[in-house]
Structure formats: C-alpha cells, structure tokens
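Peer 1: One-letter residues, chain by chain:
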Amino acid sequence: MRLAVIMAGFGGQGVMSMGQLLAYAGMFEGKEVTWLPSYGPEMRGGTANCTVIVSDEPVASPVETKPDACIIMNRPSLDRFEGAVVPGGLLVINTSLCDKPASRGDLRVVALPATDLAAELGDVRVANMVALGAFLAVEPVVQAASVVDALKKALPAHRQNLIPLNERALALGAETARAQLTA
Amino acid sequence: MRLAVIMAGFGGQGVMSMGQLLAYAGMFEGKEVTWLPSYGPEMRGGTANCTVIVSDEPVASPVETKPDACIIMNRPSLDRFEGAVVPGGLLVINTSLCDKPASRGDLRVVALPATDLAAELGDVRVANMVALGAFLAVEPVVQAASVVDALKKALPAHRQNLIPLNERALALGAETARAQLTA
Amino acid sequence: MKGLVFFDEDRCKGCGLCVPVCPKDVIRMADRINVRGYPPAEAVEPERCTGCGLCARMCPDTVIRVYRQTPARAGKG
Amino acid sequence: MKGLVFFDEDRCKGCGLCVPVCPKDVIRMADRINVRGYPPAEAVEPERCTGCGLCARMCPDTVIRVYRQTPARAGKG
Amino acid sequence: MTSRDTERPLGAEVVYERPRALADVVTHYCPGCTHGIAHRLVAEVLDELDVAGRAIGVASVGCSVLAYKYFNVDMQQAAHGRAPAVATGIKRVHPEAVVFTYQGDGDLAAIGTAEIIHAAMRGENLTVIFINNAIFGMTGGQMAPTTLVAQKTTTTPRGRDPARAGYPIRVCEMVSVLDGAGYVARAALSSPSNIARAKKAVRKAFESQLGGYGLGLVELLSSCNVNWGMSPGDALRWIETDMIPVYPLGVFKDRSEAGAEAARMEVAG
Amino acid sequence: MTSRDTERPLGAEVVYERPRALADVVTHYCPGCTHGIAHRLVAEVLDELDVAGRAIGVASVGCSVLAYKYFNVDMQQAAHGRAPAVATGIKRVHPEAVVFTYQGDGDLAAIGTAEIIHAAMRGENLTVIFINNAIFGMTGGQMAPTTLVAQKTTTTPRGRDPARAGYPIRVCEMVSVLDGAGYVARAALSSPSNIARAKKAVRKAFESQLGGYGLGLVELLSSCNVNWGMSPGDALRWIETDMIPVYPLGVFKDRSEAGAEAARMEVAG
Amino acid sequence: MSGKVLMKGNEALAEAAVRAGCRFFFGYPITPQNEIPEYMSGRLPEVGGQFIQAESELAAINMVYGAGGAGARAMTSSSSPGVSLKQEGISYMAAAEVPGVIVNMVRGGPGLGGIQPAQSDYFQATRGGGHGDYRTIVFGPATVQEMVDVVGKAFELADKYRTPVVILGDGMLGQMMEPVVLPEPIDPASLPPKAWATTGTGGRRPPVVINSLYLDAAECEAMNRRLQAKYREICAREQMAEIAFPDSEYFVAAYGTTARICRMAIQEARARGHRVGLLRPVTLWPFPAEAFETVIGRAKGFLTVEMSLGQMVEDVRLVVAGRAPVSFYGRTGGVVPSSDEILIEIEKMVEGGGSM
Amino acid sequence: MSGKVLMKGNEALAEAAVRAGCRFFFGYPITPQNEIPEYMSGRLPEVGGQFIQAESELAAINMVYGAGGAGARAMTSSSSPGVSLKQEGISYMAAAEVPGVIVNMVRGGPGLGGIQPAQSDYFQATRGGGHGDYRTIVFGPATVQEMVDVVGKAFELADKYRTPVVILGDGMLGQMMEPVVLPEPIDPASLPPKAWATTGTGGRRPPVVINSLYLDAAECEAMNRRLQAKYREICAREQMAEIAFPDSEYFVAAYGTTARICRMAIQEARARGHRVGLLRPVTLWPFPAEAFETVIGRAKGFLTVEMSLGQMVEDVRLVVAGRAPVSFYGRTGGVVPSSDEILIEIEKMVEGGGSM
Ligand SMILES: Cc1ncc(C[n+]2csc(CCOP(=O)(O)OP(=O)(O)O)c2C)c(N)n1
Ligand SMILES: Cc1ncc(C[n+]2csc(CCOP(=O)(O)OP(=O)(O)O)c2C)c(N)n1
Ligand code: SF4
Ligand code: SF4
Ligand code: SF4
Ligand code: SF4
Ligand code: SF4
Ligand code: SF4
Ligand SMILES: [Mg+2]
Ligand SMILES: [Mg+2]
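Protein chains in written order, with numbering that gives the first Met the number 0: chain L, 0 to 182; chain X, 0 to 182; chain S, 0 to 76; chain W, 0 to 76; chain P, 0 to 268; chain Y, 0 to 268; chain V, 0 to 355; chain U, 0 to 355.
Watch out, some of these pointers could steer you wrong.
Said to hold, decoys possible - Between beta-carbon pairs, the in silico distance windows are:
| id | chain 1 | residue 1 | chain 2 | residue 2 | range |
| --- | --- | --- | --- | --- | --- |
| 1 | X | Arg103 | V | Ala217 | 50 to 56 Å |
| 2 | P | Lys199 | Y | Asp233 | 48 to 54 Å |
| 3 | W | Val18 | V | Leu190 | 40 to 46 Å |
| 4 | X | Gly11 | P | Leu209 | 50 to 56 Å |
| 5 | P | Glu6 | U | Ala235 | 55 to 61 Å |
Hints in this document: simulated from the structure, not taken from any laboratory. Heads up, the beta-carbon is just placed ideally off N, CA and C, and yes, glycines get one too.
Please work from the sequences and hints to get the whole structure.
Peer 2: Right, here's the structure in full:
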C-alpha cells in the first residue's frame, strides 16, 4: 500500500494541519509517512498545499507529481492540481469555495460543501476535517480514530475541548461522502 | 649570461632602490630582468632584501635560493645570506655596519666601509651606490653608465641635482673594489 | 466642494484602512468578493464625498482616485 | 624624595618618548647601540630622579622601572 | 463610481491619481501592508520632482525585494544589506542620476549596518528609504534590531529580552551623528496626517541628494500586520501607541537648513 | 642604574613595574608606537582588578594582530573586524570570564562596523579597547574611516577629500547612542597626563563589564608615527594639535553613574 | 512505534543538536531554514543554553568561532547566500582548528536565486568555498531520521578532529515531516574536557591561544601539513555511504533528497529488468571512494544525479578515473527531478548512452 | 627596447586596467596587493574615474555590482581572506550577469594564514566559492607582462559574456618588477553601448532591471540554463594555454609563478636528457582541456606542481581520466617550491614513480 495525497487551499483553511494529522495517524498505525509543504513567500495570500504519503514501505521521495488523490479546498487549487491526479484517482472538492466542477472524467469525485457543513457544525475552521473525513471514507488509508488520536496528541491541554467538534466534522464528511458514492 | 644577486640591509639603507636601479639598467641594455622584494610586516625594523636577476634569456623564476652574488649592507644580512651564495660567488660587504668578516673561504669577497665612504662623500644615503659600484666593478653585468641613466629616469626633476653625487659614489665604490682585488 | 472618488476594485485587497479615515463615512467594505478573493472597498452615498483625498493617501494599493469638482467648474464637469 | 629609575636597555627601541617627559631632565639617548640596533635611553645624573614615574608611564615598551625611596626608609634601602 | 472608469472626469481637479513612477501592477504585499504606501510616496516624489527618467532604484532583500517590479524606473536588485554599496557604485558612475535605495530594518539595521553607516560617512548623494516595521517580514516574523523590548517574534518567543537580545536600535539618531549625512528624518505611515509628513520627508531626502548635501535618509515606521498578528487597522494603531514612543518622529538633521553654500558638499561624482 | 638589575631594590616603594598580565616579550611594534602603551594600560588594569586569570582576550587584525603573544591571558585571534562577534561567542559560553577585544580603527570602524554596533546594541558585557590612529597601520598607511580631512595616506595621496572619501567617523558619539552601551569614553595616549586619564577610562570599561552595565568601549587616540611620516615625538604632538579637535576627549556615557541598580542590565549569560 | 515522533526536518535537526550537547546557536534568518533558529530561540534557554540572532551570517559564524574556541558545542545554520558569507569564518575555523557545526539548507542559486531545494552548493561545501588548503567534513543526509543521526555524528567528529563540520541539506529536507526516533540527550558537562580551549588561565596554567596567523611561510606550511595529516586520517576513517543492490551492473550515484527520488526510479528500472543499484554518499567529504571501489570491478556505468548542473559528478569521475563511463543528469534552481526523468536517464545509461 | 617600462606587478596590473577602460575601482587594503588600490587612488582621478576605499570587501564587490550594472568597467582586488568575503557578491554578479573584474593576489591560507605567495585559492576561483551553479572566467598569469595582457582580455570577456572574471595572481607576481610593454589606452566612451545597463530611462525606454531573484523554480532553472549555455560557449572559445616542448613524453602542468619555476626545472631535466615539457594553463577556467588533448596521445605521465596541497591536479585528473599517471607536488602556506625540488619530482615521474 502506498498512497499519495495533495491537499490544497487558501492559507487560512488548515490544509497544512489536515496533512499533518493524516501523517500522524499513519505513523500511529505503524505506517511509513512523509509530509511535505509548499513553502515560501508566494504562500502569502496565495494557495498553500502539502503532500502526504502513507505507505507500508519507506517512502522514497516525499515529492509526488502524480498523486493518488487531491483534497481541493478552493477554486485556484482545482485549477492547479486536477490535472496531476493519476487516472482513476480521487478528488475531494470543497464546493463551498469552488464553484467549478471537476473537468476530467477519469477520476472518482467527491464534491461536498465542506465550509458550509463546518459552519453548520458551528465553526468554519473544521472544514478541513469535514473534507478529511470525506477523503478517508473513500480511501481508508488510516482509521478516522487514528486521526482523532493524532489530534489529541497535537492539541495543547486547553484545546482538547475541541476534539468532539473535530470528531463530528470527520464523521459528517465521511457520511456525506458515503451518501454520494452510494447515490 | 644570467646573474642573480640578492641585496640586503636595514630598511632605511636603500637596498630596494639599489636593486631597482640595477634592474632598470639591465632593461636599458636590452637584457631580461626581474626584481623581487621581501615584503610584509616582518620588514618593520628588520632587514629588507631584494633579488635581482639579469639575464640574456627570459627569466624563468624571480626567486633565487642560490644567488651568484650578495650585497650585504649590515650584519644580520651577512648571517642570513652568506650561506646561500653559490660556491665561487661574490660577496660585497659593507664593513661600516658589519663587524664580522665572511666565514666561507670559497667566495670572492669585497669588503668596504660603504657607509663611511658615503659619509665622506657628504651623504650616508649613497652608501648603497658605493656598494653597487663595488659590485659592478667585479661583476660588470651592466655598465655603470646605465645605472646613471636609470637614475636619471627614476629621479623626479627636483632631485636630478643628486646625480653627480651618485655618480661619484658609484665610482668610489668601483675604485675601492678594484684596489682590493688587485691588492 | 464636491468630491469624486473611484475605486479600482480589482486592485483592492480589502484591508479596510480607507474606511475609518474618511471624515464623511463614505466608504465601506462590500459584501462581494473581487477577482483576488478580497471584499473590496466601495463608496456608499458618494455624493457626500468632499474630495479630501484622505482615503487615497491611506490606501496601500493605489486603489483609489479622487477628484474635486471646483464649484465654478462643477457645472461643466 | 628620591627616585630610582632602571632601564631594561635591550628592550629599548630608542623612540625617545621618555626624554622630554622627565621633569628633572634625567634621561637622554645613549650614543651606543643596543642588541636590537637602537640607541637606548639612559639616566644621566640619576640622583636627580624623584621617582615621579612619568617616563615609565610614557614608555611604550616597558623598558623602565621606577621605585621610590621613602625618606624614612631611605637609609635602610 | 464603478471600478471600471479609469478616465479622469472632465474638468475635475485631480486630488489623487496613481503616480506615473509606479508600475501599473498589483503588488505582492499583504493586505494593509504599509510598504505599499511607502512605494507610492516615493513614486509621487519622483513625479513631482520630475526625476523618474534619471532615477535608478536599488531594491534590497526583504518583503520589498520585488520593488524592481513596482517602480517605473531602472532598478538593480541588491544582496541583503548591501544596497547602499550598490547604490554608491551606481551613483559614482552616473553622478547626474537620482539614486535611491529601499531597505527594511533587517536589511539596513542588521546585516547592512556597515554599508549604511559608511555611505553616510562618505556623504554619498543618495536617498535611502528605510522601512522600520520592527520585524523581519519576508522571512516570517523574526526579531529585527528594531524590535521593541518585550515584543514577541518567532525568534523572541517569550518577548525580546534585552539581557539576551539587546535593545532597539535607533537608526536616525545614529546616522545623524555622521558628518556626511545630509538629511535624516523619521516619520510614520500610520495615519493620513503622518503620511503627509512622511511624504515631505521623502521629498526632502531626495532634495538633499539633488542639492548635493549628502546622504538623505528617511525612516518610515511601518506596519507588518501579518507578522505582528494584528488586523491592518490595529497595526497602525500599534505604530502610534507603541513604536512612536521608542522611535520619536522628527527631523534629526538637515544640512540644507544650515542654509549657506557652506553646508553644501561637492557632489561626489 | 644598569639595565641588568632586574631585582626590586630592598625597601623601595614601587612606582612602576612591568605588569604581570603583560607577557615578557619584546613587541614587534615600531619604535614609539603607542600600541605598546595601550597594551600596558590594559595589563595594568587586569592586574589591579585581579582578573587576569579569568580574562579572555580577542586579538583583531591590524598592527595589534600579535596581541595574543603579548597578554598573559587566554586569547583568540579573530578575523578582521569580527572581534566583537568572537568575544560575544566566548562571553556567552563563559559569562563569568572577563572578555575584551583590542581593535584598530580599520578593524572596528571600517570592516567591523556592524559587529561593534550590534555588540553594543545587545549590551554584551564586553570591554572594547579601540585604537584610533587615523590610519591602517598594518597594511602600510592607507586611509581609515577615522583619517582626518586633508590627511595624506597611501590611498588619499592628495589628502582625504570629503567629496570623494567622506568625513572622519566618530565612534564614541555613534556607539553611545545605543542603549546597550554601558560605558563609552575617549582618551589620548599623547602625554603622561592623558595616559593617566586613559588608564582610568580603561579601568572603567572593564568595570562596566564586571558590573553588568553593558558594553564598555574606550577609544584611545594613538600614534602611527611610521605611516604618518613623523618622529615619535611629533606624532604625539599631532594627536594633540590635530586629532583631539576632531575627536574630543571625555566620557560619552556611563551607565554606572546613573547610579541605581535601575541602570544595571542583567548579565547576559 | 513508540519513541517515534513526527517532525519537520529543520526542527528535528535542531532538537538533535540540543541532544548532542549543543548549547550555543548563532544564526541569521533565511528561508528555508528559519525553523532552526526559531526552534533554538525557544529551546536553548530551557536547557541553560544561549541563542543569539546575530546581525549577519558573518557575525554568526564568528560567534561560533568564539564559542567553539571557548570549548562549547556550537552551531550555526543558514542557506546558500548566507553560507557564502560564512566562508571566511569557516576557513578560519579550519585553520585555527575550532570545532563547530554549520548547516546549509541549500536553495536555488546563484545570486538571490530562489527558495526551493537545490544541491548546487556541493562544490562550495566540499572544496572549501573559502581560501586556502582546507576541507570540512560534509554530511549529505537523505531523510529526517538521517539528519538527526548525522547531527550527533557531526558534533562528535567536530570535537574529535577539531574541525568545522558541514551538514548539507536542502529546502525539502528542512521543510518535510517524517517520523523520527530522537537519540538520548547528552549532558555537555559529561563530554571530555578541552585543554586547548579558552576558559581563562585561572592563574594555574599558561595561556592558550586560538590562532591562524603564521607570518613565517615555513610555519604556515607546517600548520597546513598538520591539517593535511588530519584530513588523511579523516579520509581513511570516516567515509560513509550506502549501497543498494551492490551486485548491480549499473549504478546511480546520488545523495540527499535526490537519492530518495533515484531510489524510486531504480525500483522501477529493476522492475523493468535492469540491474541498477544506488550508491549514496552520506559523507560528501570525505567522498566515499572506498564504496565505489567495491563495485567498480563489475560496474558498466555510473549515472550521477544531482539537483545541480554537475558538481558531485566530478568526484565520481575522479574516483572512477576512466574505468567506466560516467553520465550525468541534473535539475537546478529549485526544480526537483522526477523519478520518471531519472528512469529515462537510467535507461539511456543501460543502453550505452552514458558519456565519459 | 623602447616602450618597455619596469613595473611592479600590482602597479602594472592597475595601469593596464586603466588602459583597458576601467574607470571605477572599489577595494579594501590587504597585503600583498595594496599597491593596486594605492595606485588607483592616485591614477583614477587623473582620468576622470573614481576610486573608493570601501568599508570592507563585501561593500567593494557590491559597489562593483552597482557600477558594472550601471554599465561601467569596474574592478576590485584583494587577497585570500578578502576574496572569501566577496563570494556572495560574485555569485550575485554571475547570476545577474553583471560584468566586472576581480583580482586575487593569493597569499598563504587558510584563516589569517600568512602574506607570502600561494595558489591555494584555485578551488575557490574555479569551482565558485559562492553558492549555486555558476562559474567565473579565471586567468592565471605567470609574468608581469602576461598580467597586463590578461587584464585587457578580462575586461573584454567580462563585457562580451556579461560575467565576472577573476585574475588569480599571487603575492610574488604582485610584488616583483619586470619590464612590460603597456597597451594603448582605450577610451571607455568608445566601447559599445550596453543597452541592459541601468542609466535612467530618460523617459524614452522601458526600465531595465538587474536582478538575480527567481522565486519560481522553473524560472530559476531557466536562468541557470542560460548561464550554462554561456559557459559552454566560453569553454569552447576561450581556453588559453601554453605548451613548451609539445613533443615531450612527460609533462609538468603548472600555472602562474609555479610555472616559471617549473620551466627552470624542465630546462635542467632536458639538459639531463629527459623528454619533459610544460603545459601551462593561462585560463584556469575554462580549463584548457584541448591543450591536454593535443599531447595526451603520447604522454606517459603528468606531474602537477602547485603552491597548494593539490587543487588544479583535480582538473588535470579529470581531463586525463585515467589515460596516463598523474602525480602531484605542492608546497603551501607561502612556501615557493624550488626548481631543485621540482627536478626531483620530474625524475621520479620519469622513473615511473608517478601516482594516479
Ligand atoms: C545573505 C542573506 N541573508 C539572509 C537572507 C534572508 N532574508 C531575506 S529578507 C530578510 C529580512 C527581511 O527583513 P527586513 O529587511 O526588515 O524587510 P521586511 O521584510 O520586514 O520588509 C532576510 C533575513 C538573504 N536573502 N540573504
Ligand atoms: C578580510 C580582511 N581584509 C583585509 C585584511 C588586511 N588588513 C590587515 S590589518 C588591516 C587594517 C589595519 O588597520 P587598523 O585596524 O586601523 O589597525 P592598525 O594597524 O592601524 O593598528 C587590514 C585592512 C585582512 N587581514 N582581512
Ligand atoms: S476623498 Fe475624502 S471624503 Fe471622499 S471618500 Fe475619500 S476620504 Fe471620504
Ligand atoms: S485601503 Fe485600499 S486596498 Fe485597503 S480596503 Fe481601502 S481601497 Fe481596498
Ligand atoms: S621617574 Fe620621573 S624624574 Fe625619574 S627619570 Fe622618570 S620621569 Fe624623570
Ligand atoms: S620611551 Fe622606552 S623605548 Fe622609548 S626611548 Fe624611552 S625607554 Fe626607550
Ligand atoms: S509580511 Fe509584513 S512586511 Fe511583508 S508584505 Fe506582509 S505585512 Fe508587509
Ligand atoms: S605601523 Fe604604525 S600602528 Fe603599526 S606598529 Fe608601526 S607605528 Fe604602530
Ligand atoms: Mg522589517
Ligand atoms: Mg589604525
């Protein structure tokens, strides 16, 4: 098993931490993982992205120009990454901030209004967890429970109260995705 | 013809310019020449020296560890350079500032009180020319007249009046040396 | 004195610095998003603008142009 | 007050800076040359020395040592 | 008043239009960053003095590294801290040119300390626009020499502690000690009135060059709301409440005021 | 009184003897060079404060490059201009040590400008002995930033022309602007009385370190008779007639005088 | 997988340095290594150490010279342009035999260049970008874990040989996160004392001097001979390399990030039936010539891949010395080669397209 | 011998620069090259030029960057430690394609080292002591006359290729006097205009920009590819070398001062009946591989002699690539090898003692 996923969005959308949580979760499950961010001043106001690879074997390269999946949190990211995904790969699209549908026909697509769903849960900042939940529902490369474990490790004591909200977001994303796939 | 001479003395004794005049003179006569000074802070208060090579062919190296001749203007210079001269080579020693005689028996030696002779001529600063005159009397690698030509080129207009004095110094040195050799 | 204020909306980064400096409360941030993804500044009741130019002086992104219709010429404008 | 001044002659570089600062004109440059080739400073009529120490303070090469024979102790020295 | 009218209304008096010396591009600066204001002031002064055609700018390394794209004049991008040396090289070649550097507080007051001091020492007829935002903006918010005591940055996570990291450096006070400095002033980009004063200072700093009075330096207290972790508006207020007390505004030196040709240095060229 | 008595006369009071902190070697300095006096003063102060055993000196590049042979204390030789940075590294490792640099005007005021300013900015508890002889001695008499206007050097053969080569830099005035400077003073090595004052300043500069008041810097106006082309005596007179008017003597800053513990900085260590 | 933590390369490196007994860090910000000084600024005070954000890279390296000379384990880090500024200081450290660790998270050059990962400072690191006949030990780690491991090794060798040691990473290694196992911390007080360090004589011993000035040419040469003897010893003892598939006919030589990508390409090439192995220098100086010698008998060709336009390839050519063709593939300026591109080059090599 | 003047190397170089149209010199004193700035300080104002004694070598090279970018022929000079400080600036010039001439009168290193002649900055000069994939043209003249000649060539190539050019001398070449014939002076106003230079737009043309920042990796790589294409052209066209006794069986490879001494040793060796020639690179980069190729067919061995402990020998080995034994002899730290020592090494080579 080796899965490479790129996550992309605006600076404030939490794409970096979404990637880190996935990598953490993989590590907790004894898998080999890498997390690689885009970096530098061009991030300023532009899009940020990171690449996570989860694998049973040591990860040769953390760079992936042909990811198995992309989590797309905004419109510019769709423009930039849709073409890169391998044929048959997965696109998770946050339709709240991406008004355009996927244009390729050879991909599996989960399109959900992650930001709006997060807002409904009470905090737009968990949009990333909604999207991650959707992604994991389709590519269960790690257990959602491991992501929650990772979150417990990552959050400082006074933020642990946010865990239930994040769990709900993961679950809501997963639910929405499953509904779409079975639909 | 190729002749390498090292000239050495205290900082103020004009050994550098003596060497330059010899090199100039050689150049005027169409010979190949190099002049190489010792340099650096160790000169401060210590001995200065330069190496002049006059040759019919392009001078390969300006460094000479086994000179054909040495003009020794003070005692420390004798200690330092006597051993370097090739067997049968020439030592010109300024006895005014060097109380020790040459210790090697395989060299031609001209020993003259250059500083005292210069003082008699009216200016200790021409001690270098006295020594150079003595040297040229034994090793006529250039004409004394060429040295005077060189001096004419080197001195600024308002110093040209010093030429006769320098000519006298050269001549006095040559005379003294010849007297010693014939003696 | 009548002022004319123009916003080059697509240059605007939505920083909001022009809003509080306007002595006539002419400026507010719009609800929409411009091509760069920022909510642009816009003039409300532009007829209140005196053309003092404070907003333009404050704007870091040369979004704003300001003109003044001198009373004499106002009619000819 | 009686001073005692000593010159570590072979350290001396013959700069002459000690000479003019001596209020008692005790110091002059010698005619001879020391091991370094410099004419060293020396004391003439050292009994005039008051031990003021100005010469030592001026000397860049710590050539000079100065002592003072306090009147009471002078006899015991 | 839609954003599409780019025409000047007929018969109207211009209060403010985009200066010609500013290239018609959108900058990469963060929303609300006062670098944009400083750029505009420089361009306005170049226009007003009508010297853009003989201006040569030197961009430094910092958030303003891309300044070479923003001014409508010949530009050289300089190594971090070396802008005054680069500008010196240019000015000596083209003494008739109007040469300016645009530098941040990391660039000018940290790595480039020697270069600015010596350009001032030499009395180079240059104009220096010095953006003091109390932080290294470009690299993500590390301490600058101008960072305030107790200010948190990514390299002073517990706040700048003078015992370990020293005290804010006051560049104007230091540079004005040098005889070759012709004009030295500090202004703030924190409000329309301060910006108006800043513009006057920028103009003076160029005039010092044109008059051959030596180095003209304007320190502009600026905001870096992103790395300060504030809204753009709060950042301007922080300049006024926290920076100005440490960095008093004013003119520290003006050799042209000494009037008289006596004060005038020969143009090094 | 021959030169061979090296014993102390019985019962005599010592007015002057070679300080123990000075190594018993003959220096390479030119006859009459006041570097020797400055060395002696530093050694005397180390002895008097009884800190030679915990002193670590930093030799810089200049005529005093061999200072590591002349002081009887642990020494590091530093790259040209970087002595304050080297000293900072040492002091942070050994906060209890007494760390000093010994630097020329080329070293400190040209290539090392940034390092001295920032050591002062940080308030490093260091002592800096700054030899201002208005020239680069070691390299054969080139202009220094402190060279006087119209002074001839090998790189200002027609005399220093401010229009091309700038104006003398006044280090004390500049450094004392910085909050981290604890003690800043200028003295001259030109006469016994000035030397006595210089010694007091050197002592204060060490005490500033010991008291944790921040950087202590003493500028010593010195002679370079060889490169000035003067006799040693004339060189001292030139310090008084020509240098002091440009470089006024005095104490520019003394944080210990502010009395009160308030002025005391925590020892960075 | 207890004991593993997920860390950014830069932070893992910094923490590893602290655990190796480094208590003094002097740096100046530059992308892409800012996490190192940032981490140190928070961490060192916790362990009684000192962090200084220096006024420049020059000041930083000279602070390391001071602190290293004073006996401490000290470090600085920077990226390409900043490391160019440290060259004089590194030359001084080598000459005065002052230990210290210098990290270069290489970015695209020359000039201001870019901030993306590169390997184009190999020459500078291995040939001495500074003046004079000196070398520094250079590590080129390929994973975050290896970066952690070489940090400990770097401090150990720096002290052992009294020499500056360079860690040559790149923007990618610094920015990526990988699981790492951190070593047990060393208490600097437990390290062997350094009699040569400046600590103050305490009045009990003659002064020590840290110096690199030798005005007499013969003495200056003697200092150099001493250094060269040390370098020969380092070459004999400290070479490190990894060989994957040592029984191959063809070898790809690559280090650091590039080696990771080459490994992917090699897996693919082997899947296609090519007998290709990986020869990955871990020490770039001393260059692991011995590892090359173990394969050169049967090697039909070498392909050197770098994120530069051809630097380490010279060392490969020097070792191979005409005994097999050596070809080169490189990307530069921050472009990371893809495994597909490398695969194409491998196939060219196997098909005999390799150039000498 | 009319037209000949006896000049010190440093002064001849400076005068040659003035005659080559150099009007701007920025330097910082350091032995053994002080005669260059000193000469320029007097001479440049006479011809309407400008001399600045910069505050440091860093400032000096960046003034050259400014002046060169502004279209002038500009120069700086220094010696080893000072040249290390210029490496960032040289990398910038290479990247931004700013012409300029940098003189290094090499002295003993590393560190503060000494002030006697050396050749131990060869790596720095030819491999780029700075960061990134760049090269500078490097001349290694052997006589005062050749120094004069390469100065003109250096300015010409710097402008032609828009690249920094290094002249690598040593303390001896700078300090010695030899007769030279100086070239006719060039009026800088007569040189072709530089449309890329910053002069002010005059309102008549779009702005020009001198820059080396390329945040986009692909653009940064493109800049590098442009540089590499230029470097390939330089390699193809600008190699310079001298071969003495080209029909020899053995060759001594040496440059600069060392080559002069080798010539003496070779004369002696030939007198003893050995068929030994001299292969003297004049351009150190591009390394004169072509000259080596002309003799390699019959060469039984190469001896590289340097005033370093082995730097140019790597280039010789890279060219020879195992086709003949390459041995090395070096002195360093300011020691100049004697012709006797070299003669011994030549005889070792001839007797088959040469190592690969
Ligand atoms: C030699 C060198 N060192 C460090 C850097 C990294 N660097 C880029 S910008 C910068 C500081 C920017 O701060 P400042 O000058 O205050 O400008 P600002 O971004 O705040 O406007 C640094 C350290 C560099 N590019 N080159
Ligand atoms: C990097 C570097 N640049 C230049 C030099 C050459 N250098 C040696 S000493 C010196 C200046 C000495 O002047 P100063 O500091 O005033 O000391 P002084 O000799 O006058 O006491 C210079 C430029 C050097 N050694 N290293
Ligand atoms: S010009 Fe003055 S009144 Fe008009 S919008 Fe701007 S700030 Fe308000
Ligand atoms: S100040 Fe300018 S950029 Fe900011 S909101 Fe107003 S118009 Fe927009
Ligand atoms: S101690 Fe005073 S009185 Fe005695 S010699 Fe010295 S200066 Fe003269
Ligand atoms: S001051 Fe010292 S060195 Fe100079 S002459 Fe007097 S004793 Fe000698
Ligand atoms: S980081 Fe700060 S200084 Fe830089 S553009 Fe953003 S707000 Fe301005
Ligand atoms: S050159 Fe000048 S500073 Fe140096 S030792 Fe001689 S007199 Fe003193
Ligand atoms: Mg800043
Ligand atoms: Mg000096």
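Peer 1: None of the hints should be skipped; say for each whether it holds.
Peer 2: The hints, checked one at a time:
{"no.": "1", "hint": "X:Arg103 x V:Ala217: 50 to 56 Å", "in the structure": "violated (24 Å)"}
{"no.": "2", "hint": "P:Lys199 x Y:Asp233: 48 to 54 Å", "in the structure": "holds (51 Å)"}
{"no.": "3", "hint": "W:Val18 x V:Leu190: 40 to 46 Å", "in the structure": "violated (56 Å)"}
{"no.": "4", "hint": "X:Gly11 x P:Leu209: 50 to 56 Å", "in the structure": "holds (52 Å)"}
{"no.": "5", "hint": "P:Glu6 x U:Ala235: 55 to 61 Å", "in the structure": "holds (56 Å)"}
When held up to the earlier numbered hints, the structure conflicts with 1 and 3 and fits the remainder.
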